[in-house]
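*Asks:* Given the structure of chain A, go ahead and fit chains B and C onto it with the hints provided.
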Amino acid sequence: MPDYLPLLLMILAFFILAMGFKIQIGLALALSSLLGALVSGHGLALRHLIEGGFGYLETILIIATAMIFMKSLQKSGMLDAFAALLLRSFHRHRLLLLFSMMVLAMFPGMITGSSTTAVLTTGALAAPVLMKMGLNHLKTAAFIAMAGILGMIAPPVNILVMIMGAGVDMPYVGLTLPLLAIVIPLAIIFTLWIGSRGVKSLKQSELEEIIASLPVSDSGWRLYLPLILVVVLLILQSTSFPLVSQLGLPLIFLGGALFTWGLHWKKLNFFLLTQEALEEALPILSILVGVGMFIQIMTLTGGRGWTVLAFLSLPPALLYLGIAISMPLFGAVSAFGSASILGVPFILALINTNAILTSSALSAIAGLGDLMPPTALAGMFAAQVVGEKNYFRVLRYCLIPALFELIFALGFLLGGPFLDKIF
Amino acid sequence: MRIIYQLILLWLSLNLILYLFREKRFSYQLSAALVLILFLLRLLLIK
Amino acid sequence: MKLTSEKQMNKFHLGISLGLLLLVGLICFLTGRSFLSLHQEEPIFPSAGLTRQFRLSHYLPNLSHTPGDTRVYLFEGQEKGGNILILGGTHPNEPAGFIATVVLIENLKVKKGRIFLIPQANLSGFTHNDPFEANPQRFFLPARQGIRWFRYGSRLTNPVHQWPDPTTYTNPAGQKLAGTESRNLNRAYPGQPKGSLTEKVAWAIIQLIKSENIHLAIDLHEAAPEYPVINAMVFHERAAELAAMALMDLQMEGFDFRLEASPPNLRGLSHREWGDNTSALAVLLETANASHGRLKGKPSVALIVEGRDNNYVRAAKLGRLFVPYDERGIPLSRRVARHLAAVKTLASYLGELFPHQKVEFSDYPSPQELLQQGFQPFLHSPRQER
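Residue numbers (the numbering used here), protein chains in the order written: chain A, 1 to 423; chain B, 1 to 47; chain C, 1 to 386.
Next comes chain A alone, as it looks inside the complex (with noise of 0.2 angstroms):
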């Protein structure tokens, strides 16, 4: 049997379950991915299929704490608070609003690499406040999905970078201004694209009657301990801080959560607080078991191979559409998965230049794996944020501002030997 065809057979078989048979993706993966190793005649291949999920443990256990760690704070009245007072505070300066937001919203991504880690903590945060100001639900939603993203590629930590670099021996070091190169730009574009264009479409005088009409929250500063903990914590932790740096994200999320809870136990329950928020993470962390399994299987049947290097057989000219194609597409397996098995080769297949240049513009463009589909980290979350259930009308409006990060960074990766004279 030929390599590819377990891998077909997979991919098939995955659709029929996940659309014809509208079976939870999670489970849908994993049954394919059993059918795969059935047909390729490793047995039920248990050992696979669980090793395989696996592979995620770590990002299942930061969204399960991330995830309990922004129900707290919702819980607690610290969202709506914090929206509330920023609008107060500067509703008349609309733009540098929302400039303020897109960092706001970036900074988690920033110091954790995690897109995830963004959208859930401040990306929560900025959100409401984007509704406030008129940009619609899904609209909102975008926004924070592509902030996460730019987040995650931005400095100081940027781990698709890390793990192309661990691949090609390329030390993490003088990273910081191709990055922000990378970043800024895209920063300032999807802020104007996604946010300036929609909150236009509020008056300032009903804006205000929007801000006359927002509770007044009694708390006070109270309120927002639990978050400034946290983002202290994951602050300390990217710098090496001894002791903080061994801490972990799913420590320091469960930490603040029991630290909200601590600050207001009167108000909340602990346990119904993490059962509300397994429940919801729950389609999201089977996925993530869903996918380890998928490519396990896929690469026991050989089809991992054989995908890779049917992208480094196209010829020099298509390379570059084969990096825009297959990385965003691998990312829908992980954005980190497809820096590791894809972005090595390319890096190597483009090893005449400069490695932290070609990193720096793969990994934006590894990035965007982040919004596709099925896992598409970024735009679930972004949905559950802004409490959209069907995360395909977020991506919607995602689509061009992904479009036009792919754009930009492939025109970096083919400048790059210009730009090589600049850094």
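These are computed hints drawn from the structure, not numbers from a lab. Be a bit skeptical, because a hint or two may be false.
To be verified - Pulled a few chain B residues facing chain A out of the computed Cβ check, cut under 8 angstroms:
#	residue
1	R2
2	Q6
3	L12
4	I17
5	I37
6	L38
7	R42
8	L43
Stated by the list, open to error - Heads up, simulated DSSO-like pairs for lysine-lysine below, C-alpha to C-alpha not over 27 angstroms straight-line:
#	chain 1	residue 1	chain 2	residue 2
9	B	K24	A	K200
10	B	K24	A	K22
11	C	K194	C	K176
12	B	K24	C	K11
13	C	K317	C	K112
14	C	K194	C	K210
15	A	K75	B	K24
16	A	K22	A	K266
17	C	K210	C	K358
18	A	K75	A	K203
19	C	K111	C	K80
20	C	K344	C	K358
21	A	K75	A	K266
22	C	K176	B	K24
23	C	K111	C	K317
Where is the CB? At the ideal position from N, CA and C, for every residue including glycine.
*Replies:* Okay, now just chains B and C, sitting in the frame of chain A:
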């Protein structure tokens, strides 16, 4: 630190098991089971 | 009436939930048994020339009874001479280094000087496999009688032994890396006595080099054929002359090596930190292993041992590889033979450059014989007692 992470997993696993029993929709139960397998194997430091 | 049907519904739901929970338990049991089976160590049968076998915790007591406390084999000659350390299994998914040291342990006799062998430098890494790579858990080699089994592990320390990873890892040498690299032994040098398990192992190896006055330290590796640093002999600047001399001999013997100077800005790696932190001459050797590349076809025991892969043949024709690769592949016997030839040549030039550091040995497994006859003559049969 490992013990703290095991405690985190214990809390999440217990919650998942409870969810498994509360949830009426079979497909959601299955999803929970899928995640639970990973949690238990790491909680017991097997994988 | 309605009440009973509701009760029945509840019973039905309870049954399903319990059934699912049981299924979870069953899958955990079945897969858990498979995962745990990797904790069993493969037997190694040292030759009569072995002087002493002990654990690495000899050099760092708090490593004892941890999963990183790996075996050290010492071969000591009657006469005093040079001291050499050979490390295999730094990355357990690069079997040529591991098997090269095993073949040495099972055959070698030393007349002059001392040779320290660590076949499984990251012992914890042998107890699990990398997710997504779908590698076999074990591979098999023919012995004098019967078949021997060896574990094919992961590049990294088992997360069960060192968990959780930091988001980003700043190694003891100050280099910032992705968090998972905190479990990579060859990024953890010079290690820390109270650090993570991986850092402790690195520290203990540095202590071994220092306290045993090691003159030459060799780290055996493999790399994917698409990786630029391949077929390489990476040397610390103090070992430059030694490496250059050895290279000429090896090329005459038909082993293609290329010299690579250890980059000064790539910190935490053995060739850099051994050389900077101890007085040993440090060298790292690479061969090409198709089973751990990104282009590999179906992972299998055959791919590990025979090293034949059609994807790599095609990639070579496309000019994507850094080693010659054709339909014959690069079998494990050839990769191990390369390592053995390089170790032997480096050891003999050590004595020529520094006569008081001379090491003499007999029964050294011949690389040419290994190429022709495979592993069979060099591995003890599985049931044989020493």
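*Asks:* Each hint should be assessed against the structure and marked as holding or not.
*Replies:* Consistency of the hints with the structure:
| no. | hint | in the structure |
| --- | --- | --- |
| 1 | R2 | violated (11 angstroms) |
| 2 | Q6 | violated (12 angstroms) |
| 3 | L12 | holds (6 angstroms) |
| 4 | I17 | violated (11 angstroms) |
| 5 | I37 | holds (6 angstroms) |
| 6 | L38 | holds (5 angstroms) |
| 7 | R42 | holds (6 angstroms) |
| 8 | L43 | violated (11 angstroms) |
| 9 | K24(B) <-> K200(A) | violated (45 angstroms) |
| 10 | K24(B) <-> K22(A) | holds (17 angstroms) |
| 11 | K194(C) <-> K176(C) | holds (19 angstroms) |
| 12 | K24(B) <-> K11(C) | holds (12 angstroms) |
| 13 | K317(C) <-> K112(C) | violated (47 angstroms) |
| 14 | K194(C) <-> K210(C) | holds (18 angstroms) |
| 15 | K75(A) <-> K24(B) | holds (25 angstroms) |
| 16 | K22(A) <-> K266(A) | violated (41 angstroms) |
| 17 | K210(C) <-> K358(C) | holds (18 angstroms) |
| 18 | K75(A) <-> K203(A) | violated (31 angstroms) |
| 19 | K111(C) <-> K80(C) | holds (9 angstroms) |
| 20 | K344(C) <-> K358(C) | holds (12 angstroms) |
| 21 | K75(A) <-> K266(A) | holds (12 angstroms) |
| 22 | K176(C) <-> K24(B) | violated (47 angstroms) |
| 23 | K111(C) <-> K317(C) | violated (47 angstroms) |
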